[in-house]
Structure formats: structure tokens, C-alpha cells
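Engineer: Quick note: the sequence shown, position 24, residue 552 per the working numbering, numbers continuous.
It should be emphasised that the hints constitute simulated quantities derived from the structure, not laboratory data.
Just so you know, not all the hints are guaranteed correct.
With beta-carbon atoms standing in for the labels, derived distance ranges [said to hold, decoys possible]: (1) ASN664 - LYS587: 14 to 24 Å; (2) THR597 - ARG684: 26 to 36 Å; (3) GLY709 - ASN663: 15 to 25 Å; (4) GLU604 - GLY714: 32 to 42 Å; (5) GLY709 - ASN664: 15 to 25 Å; (6) MET573 - LEU717: 35 to 45 Å; (7) SER734 - GLU585: 36 to 46 Å.
The model shown is predicted, which means the values in this text are computed figures rather than measured ones.
Glycine is no exception: its CB is placed at the ideal position from the N, C-alpha and C atoms.
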Amino acid sequence: MRLTPRSVGALYLLVLAVAAAVLTWTGDPGTSHGRRCAAPGAVEMPERDIDATDLSERKLRCADLERATLDGVVSEADLRGANLHRAQLTGAGLTDVDLSGADLTHVSARDASLDGVRLTGADLRDASFRSAEFNNAGLDKALLGGADLRDAVIRRSDLRGADLSGADLRGAELSDSDLRGARLKGARLDGVSYVDVLCPNGKKSSGGSC
Numbered sequence: 529m530r531l532t533p534r535s536v537g538a539l540y541l542l543v544l545a546v547a548a549a550v551l552t553w554t555g556d557p558g559t560s561h562g563r564r565c566a567a568p569g570a571v572e573m574p575e576r577d578i579d580a581t582d583l584s585e586r587k588l589r590c591a592d593l594e595r596a597t598l599d600g601v602v603s604e605a606d607l608r609g610a611n612l613h614r615a616q617l618t619g620a621g622l623t624d625v626d627l628s629g630a631d632l633t634h635v636s637a638r639d640a641s642l643d644g645v646r647l648t649g650a651d652l653r654d655a656s657f658r659s660a661e662f663n664n665a666g667l668d669k670a671l672l673g674g675a676d677l678r679d680a681v682i683r684r685s686d687l688r689g690a691d692l693s694g695a696d697l698r699g700a701e702l703s704d705s706d707l708r709g710a711r712l713k714g715a716r717l718d719g720v721s722y723v724d725v726l727c728p729n730g731k732k733s734s735g736g737s738c
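Start from the sequences and build out the full structure, keeping to the hints where you can.
Structural biologist: Right, here's the structure in full:
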């Protein structure tokens, strides 16, 4: 088939349109996947109902818990680098759990209790922690962009260098915590209470505000 300049132009426009569609497609949430890290013998329990006793006091680095549903209180577990993308942690408890570098994107953890949990460098973007409680949590350098932290209670926690850009913190209570260097661009901060907090600019909170 002989291509005319007009048909070549039309074909070129079609290719551009297809390329644009591919680049802008974000995918079906039902088929999205979290980040995995390589570790010999890493446990794989995706899309399972998991009892806390299955994880407590175990070394489960790089475990695949994508879309899993957790029930109970997990304590003293090593889950560094684990994949908890879209996991269901609503009302669950985590005590002295190491989730450094883990993928918790789109996690649903409303009303969860996190005590002594280490989330250094973890990816919690677009996660829901509405009305959750963080006590002695390590959230330094964590990615919390777009996270739902409405009415959350954050006590004695380290958020130095955390990225909270676009996060929703309305009604949250922060006390005895360190926010130095945290990024809050575009975050919703209506009704946030700061008590004895080191603010992003390094100054101490005053009068309940930063």
C-alpha cells in the first residue's frame, strides 16, 4: 500500500494518541502491585487473612503481604522491606514492629494502633490512617504524600525529613514529636494541634500551632 503524505500524517497522529494513552493510564486499582525486595526464602502471603500470631516475633524481611487482611496485635516482628500494598489493617495493632523501607501504599489502617513501630524510609503514600494512634513511632524520611491522617494521634514520634505533601491532617493531634525538615506542601492542616512539637522550621510549637 502506497502511503501519501496525508495518510502518513494521520498515522503519525494515531501513534501519538496511542502513546499518550499508554503513558497516562494509571491502571486498575485491582491489578496494581506494591514494591517487592529480593530476599532468599521471603515469605509470601498475599491476599490472605492473617492472624497476628503468624507474624509476631518472626524475621520476615521482604515478606509479600500485598492485599492481606491482618487481625490482632503483631509484636516484635521484622518486616523490613515488606510489601503491604493495599493491605487491610483496620483496627489492628503493631507493637515494636520494624517496617523500615516497607511498601504500605494504599494501606487501610483506620483506627489502628502503632506503638514503637519503625517506619524509617517507608512508603505510605495514599494510605489511610484516619483516627490511628502512633506512639514512639519512627517515621523519619517516610513518604506520606496524600495519606489520610485525619483525627490521628501522634505522640513522641520522629517525623524528621518525612514527606507529608498533600496529606490530610485535619483534626490530628501531635505531641512531643519532631517534625524538623518535614515537608508539608499542600497538606491540609485545619484543626491540627501541636503540643511540645519541634516544627519543620526547627522552632518549638507555641500556642498549639507551628
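Engineer: Now tell me if each hint is right for this structure.
Structural biologist: Results for each hint:
no., hint, result
1, ASN664 - LYS587: 14 to 24 Å, "21 Å, holds"
2, THR597 - ARG684: 26 to 36 Å, "29 Å, holds"
3, GLY709 - ASN663: 15 to 25 Å, "22 Å, holds"
4, GLU604 - GLY714: 32 to 42 Å, "36 Å, holds"
5, GLY709 - ASN664: 15 to 25 Å, "19 Å, holds"
6, MET573 - LEU717: 35 to 45 Å, "37 Å, holds"
7, SER734 - GLU585: 36 to 46 Å, "42 Å, holds"
In the structure shown, no violation is registered for any of the earlier numbered hints.
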